[in-house]
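Got chain A; can you put chain B on it based on the hints?
Each chain is listed here by its residues.
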Amino acid sequence: MDAALIWEWVIKSLFIILFMTAGFAYVTLLERRVLARMQVRIGPNRAGPFGLLQPVADGVKLIFKEELIPAYADKFVFVLAPVLTVIPALIITAVVPWGPQVMLFGRPVPLYLVDLNIGVLYIVAVTSISVYGIALAGWSSNNKYATMGGLRATAQMISYELALGLAMLAPVMMAGSMSMVDVVESQRTLPFIVLQPVAFLIYFMSSLAEINRAPFDMPEAEQELTAGYHTEYSGMKFALFFMAEYIKMIAVAMIGSTLFLGGYAWPLPPEWLGGFAGPINLLAKVLVWLFVIIWLRATLPRIRYDRLMFYGWKVLFPVALVNIVITAVVIVLVGG
Amino acid sequence: MLPGEILFGFIGLVVVITAVGMVISRNAIYSALFLVSNFTTVALLYLILGAPFIAVVQISVYAGSIMVLFLFVIMLLGAERLAAKEKLQGQRLLAVILGVVFLVELGLFGVWKAGYMTTPVPPAAATAGAPEAVGMALFTQYALPFEVTGFILLVATVGAILLTRGDKPASKDLITAVSEKEG
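Each protein sequence line maps, in turn, to chains A and B.
Take the first sequence: its letter number 225 is residue 225 in our numbering, and every next letter is one higher.
Take the second sequence: its letter number 129 is residue 129 in our numbering, and every next letter is one higher.
Hints in this document: simulated from the structure, not taken from any laboratory.
Where a beta carbon is used, it is the ideal one built from N, C-alpha and C, also for glycine.
A few of these clues could be false.
Here are a few chain A residues that face chain B, going by a calculated C-beta distance under 10 Å [to be verified]:
hint, residue
1, L80
2, V124
3, L136
Chain A extracted, bound-state conformation:
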């Protein structure tokens, strides 16, 4: 293992983390602007051209806010919870490939951090531990609304994780590999959404529930629970929850684009522009995906909690199971 390779990994990891953090800042702006337009308002446009400095202003404000810890809160867990929420969000896209190999500074550099042979399983595992931060935040606040919000979020995330995992299995079966690079490479001619529309829809809906976005944003139902699990958080600790939510939006869009929409390999041939057509393919799809998520928030009302659980367990989960069985039978009959 030579030193250059280690530096390459370090730089790529830093790049991913910085990209996700910067992405978070500008997705908040995108959301505020798009929502405003849909509600016939203008949105933040004062800080910089088109309001482009608004995230900076928000960040400065949050840094200087007073941080409160409730008197009877469990202090250690209270501080730990935001960290536990952000870390899974930051590391989950480590296995998402951005493009094929390119030449940079005279050495071939693949545009992904690592090509795990269990890439999809890694994503499922990281998703499954991202529940902890939210559950612990609710519990440690020593506030009944926060605890209720935390419990609701946990229940919702556990329920939709099953359908999500099963939906992600369909592209894995089609590609015959759990490596994200193999999944993308087998979509060069035809993205899997054409062959797996049901799995795509299940992925889309259960991922919305997994990241607690409208219409499944029960943990933050402000009429019933004030702000849900982060009621007692202020300043930078609140900002970390906020950050995790938006980074998860980007991550879900990246993973979904890779699994179902052809990732970096479709529609432009990824070798164009010296290999940099790959990231363009991927990021364009991510942008559209984020727009649709925001659009849904502006359009749909929140659904009732028992309906949400009913939908997850009795509709999405069985449909995902049947989809897997049908896919398996067809693959065996047609021969993959």
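Leaving out everything else, chain B in the frame of chain A:
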């Protein structure tokens, strides 16, 4: 010592510390969290030993599913604080005695069978931990145990559902029952 061995030793130490922390913590939430870190560090050990599939499954099944449910139940029941006095007296004494016996046994094994421990184990093939290899082994060589385990899990699931239904009329399903109760 190689850097890999030092890392292995360090992670092993973390595994032991979190396991002890789980047992001696007086707060059930902290115990659960210690157990989660224990599972995660054990997964790291699997990773170092070249079994990434098992490592990730360990995280997603134990740390991600089972412990989340544990945490959920502890929070829901408000059972964080354990009683200061144990119901079963003399547990600690018994634990110390058994621990000493185990340590003596381990020491004696090290002295008498020293040759056994220094025999190097042949390294496994690089593909041994790959999902394809694990799947092949599960569905061919161990097909019967696999099916039996699946059947037992199915029976357990049916049992759990049966237990939660209680004496409610059979026509009413759980969700309508809960929503009616909550109004």
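Hint check results:
Checking L80(A) against chain B: minimum C-beta separation of about 8 Å stays under 10 Å; hint holds. Given hint, V124(A) at the interface with chain B, holds; its Cβ is 5 Å from that chain's nearest Cβ, closer than 10 Å. A least Cβ separation of about 8 Å between L136(A) and chain B falls short of the 10 Å threshold, and the interface hint therefore holds.
Against the hints set out earlier in the document, no violation occurs for any number.
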